[in-house]
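**Student:** This is what each chain is made of:
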Amino acid sequence: MSDLNFIKQLQAGEPAAFRRLVEKNQDRIVNTCFGFLQNQQDAEDIAQNVFIEAYQSINKFRGESKISTWLYRIAVNKSLNYIKIQKRRRVIQSLEAIVMDHREKEIPAVTDTPESGLEKTERLALLRKAMQSLPNNQKIAITLNKYEELSYQEVANIMDLSLSAVTALINRGKVNLQKKISNFYKKL
Amino acid sequence: MKNKNLNVESEIQKTMDLLDDFPKIQARYGFYDRLTYRMKQEESASMAIPSKPIWRILHLAVTPVVVSAGIFIGVFIGLGEQTTTADANLETLIETYGLSVPSVPNYFNAETN
Chain A
4 MSDLNFIKQL QAGEPAAFRR LVEKNQDRIV NTCFGFLQNQ QDAEDIAQNV FIEAYQSINK
64 FRGESKISTW LYRIAVNKSL NYIKIQKRRR VIQSLEAIVM DHREKEIPAV TDTPESGLEK
124 TERLALLRKA MQSLPNNQKI AITLNKYEEL SYQEVANIMD LSLSAVTALI NRGKVNLQKK
184 ISNFYKKL
Chain B
11 MKNKNLNVES EIQKTMDLLD DFPKIQARYG FYDRLTYRMK QEESASMAIP SKPIWRILHL
71 AVTPVVVSAG IFIGVFIGLG EQTTTADANL ETLIETYGLS VPSVPNYFNA ETN
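So the protein sequences, as listed, match chains A and B. All letters in the first sequence, in the order written, are residues 4 to 191 by our numbering. All letters in the second sequence, in the order written, are residues 11 to 123 by our numbering.
If you are wondering where the hints come from, they were derived from the structure by calculation, not from laboratory data. On a predicted model such as this, the values are computed, not experimentally measured, just so you know. Note that beta-carbon positions come from the ideal geometry of N, C-alpha and C, so glycine has one too. Errors might be hidden in some of the hints.
Said to hold, decoys possible - If you only want the chain A side, here are some residues facing chain B, beta carbon under 8 Å, derived:
hint, residue
1, F54
2, R126
3, K149
What the hints assert, rightly or not - Subject to a maximum C-alpha distance of 27 Å in a straight line, what follows is the list of computed DSS-like cross-link-like pairs (lysine-lysine):
hint, chain 1, residue 1, chain 2, residue 2
4, B, K34, A, K87
5, A, K177, B, K50
6, A, K149, B, K34
7, A, K149, A, K189
8, B, K24, A, K27
9, A, K177, A, K189
10, A, K149, A, K183
11, A, K149, A, K69
12, B, K50, A, K27
13, A, K190, A, K90
14, A, K123, B, K50
15, A, K132, A, K90
16, B, K24, A, K132
17, B, K50, A, K183
18, A, K189, A, K123
19, B, K50, A, K132
20, A, K90, B, K34
21, B, K24, A, K182
22, A, K123, A, K177
Stated by the list, open to error - Covered by chain A, according to a simulated footprint, are these stretches of chain B (three or more residues, beta-carbon under 8 Å):
hint, segment
23, 17-31
24, 43-52
Chain B extracted, bound-state conformation (with noise of 0.2 Å):
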């Protein structure tokens, strides 16, 4: 027993004299090269998103608005311009070529006469 607890505290004091004994680690070949190329990588990463917090939460809420609106301006110019289109088109048609517009019967009265 006596035997043990000499052993066990001998023990104790080699593993703490490790303590002054610690293998140093070094960086191991290419360590700038690596950080390098990381950096560039990330760099590039980030070049559509603005760097400064504040940027960034416009560029957030920004994004969305222009898209909207974009869709939006974009819809309504089309609509407008279709509609005007075919007017026209059928004005020039009637103009062109000596055209009467039919009376068309109400289908849809008669029906629900």
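Same shape as in the complex, but just chain A (with noise of 0.2 Å):
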């Protein structure tokens, strides 16, 4: 079955479709939301979103691109606003913390030494905080180019950036990572 054909029967709101839609991209949505959030139950949660999103809105996509890229930029939009709505409580949260005094200690989720070495689940929980760091435009890039393992232009095509600019901005978010990464190593 062609593309064509495929959104017809979506935007004629039949459920096999969708039902398709869903089955085919389930996984890739899933994990893009999780690069972002760094949590299953929240990725499968906006990863819900987005699908709702996709068919309540499916008669506004005009073919021009992939369907599974429109459903990436669905995605990276509805993670970045869930980042930021979850901010924003913990920075309420935090404040009645403080006036309740009752804030809690941080507890360093690494807590390993340099000279004995991190084991790999450690760095990887290291190099995901550093990547929540990064600039929005970074993060996307380097999300959508090391979870997805989307090529440069699709990245491009999802961001509806240039080739060169994607590829400035996945350069960019290695040597911040890095800087990151090393400042990290040497406080310890």
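Make the complex out of the two chains shown on their own, each in a separate frame, by following the hints.
**Tutor:** This is the structure in structure tokens:
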């Protein structure tokens, strides 16, 4: 079945077509959301929101890009919005904690020293934490490229940027990541 | 010191290498079923409220007007009917039993006098 026919079926509200859309894309959308949110449950909740939005606004989809590109865009926007809301909540909660004088001490996620060497899971945690602190556009480009293994061109399509802009973003992002990781090890 | 620096450099490199080794996360079993269940729930919850913003605004603006108009009309009709019925009943009683209306002393005037 051609993409155009498939889109027409989706726009006609055919349940079988929607099921196909979800089952074909659910893993990549959950994985992308996870790249931003670092939590399986949150990633699945946001991925559900992505498909609900796709279902509700399929009539606005003009077929100028691949349907997966469109879904990735929705996933990135929804994940970043969710992070923004969570940040606001955390600020309010920490303000409440200050007022209540019950602020919990932050437990460092990584406790080992460079001499003994970190475990792979700890290194991954460190890397993910460093990625979260990157500027949004670098974070999007690296997440799509590294988590989803999308080519630079595909990332450029999703972000609506030129190939050279995406290349620059990913390179800058890697340099920033290296700095952050290096700072972490030097502090130990 | 040199040893420590070398160690740090190697740790940084090992960590950076993991960029190409992120484990892939998959949707858990039953993702589609959970999604459709949620969609059905949200659909039934939003049945009462129209989905388009303009209808939503109209719905919110018109609902209190309709409700208060209903209450007002209800009260108005109810009061009107009660008054008519009370008068009609009194007249019917007087006519049926041939009663005469007794002259009621005006106590209020008497007291003030």
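**Student:** Now tell me, hint by hint, if it's right for this structure.
**Tutor:** Going down the list of hints, with the structure as the test:
1. F54: OK, holds: F54/A within 8 Å of chain B, min 6 Å.
2. R126: Result: holds, 5 Å to nearest chain B Cβ.
3. K149: 5 Å, holds
4. K34/B <-> K87/A: 24 Å, holds
5. K177/A <-> K50/B: Given that 27 Å is the threshold and the Cα spacing comes to 43 Å, the pair is violated.
6. K149/A <-> K34/B: 10 Å, holds
7. K149/A <-> K189/A: Holds: K149/A and K189/A sit about 26 Å apart, inside 27 Å.
8. K24/B <-> K27/A: Not OK: K24/B and K27/A at ~34 Å, beyond 27 Å, violated.
9. K177/A <-> K189/A: Given pair K177/A, K189/A holds - Cα atoms ~18 Å apart, limit 27 Å.
10. K149/A <-> K183/A: 18 Å, holds
11. K149/A <-> K69/A: Holds, because 20 Å separates the two Cα atoms, which is no more than 27 Å.
12. K50/B <-> K27/A: Holds - the C-alpha atoms of K27/A and K50/B are around 21 Å apart, at most 27 Å.
13. K190/A <-> K90/A: 26 Å, holds
14. K123/A <-> K50/B: 42 Å, violated
15. K132/A <-> K90/A: 15 Å, holds
16. K24/B <-> K132/A: 16 Å, holds
17. K50/B <-> K183/A: 45 Å, violated
18. K189/A <-> K123/A: 19 Å, holds
19. K50/B <-> K132/A: Not OK: K50/B and K132/A at ~36 Å, beyond 27 Å, violated.
20. K90/A <-> K34/B: 25 Å, holds
21. K24/B <-> K182/A: Holds, at roughly 14 Å.
22. K123/A <-> K177/A: 19 Å, holds
23. 17-31: Held - the segment 17-31 of chain B has 10 residues with a Cβ nearer than 8 Å to chain A, which meets the minimum of three.
24. 43-52: holds (count 5)
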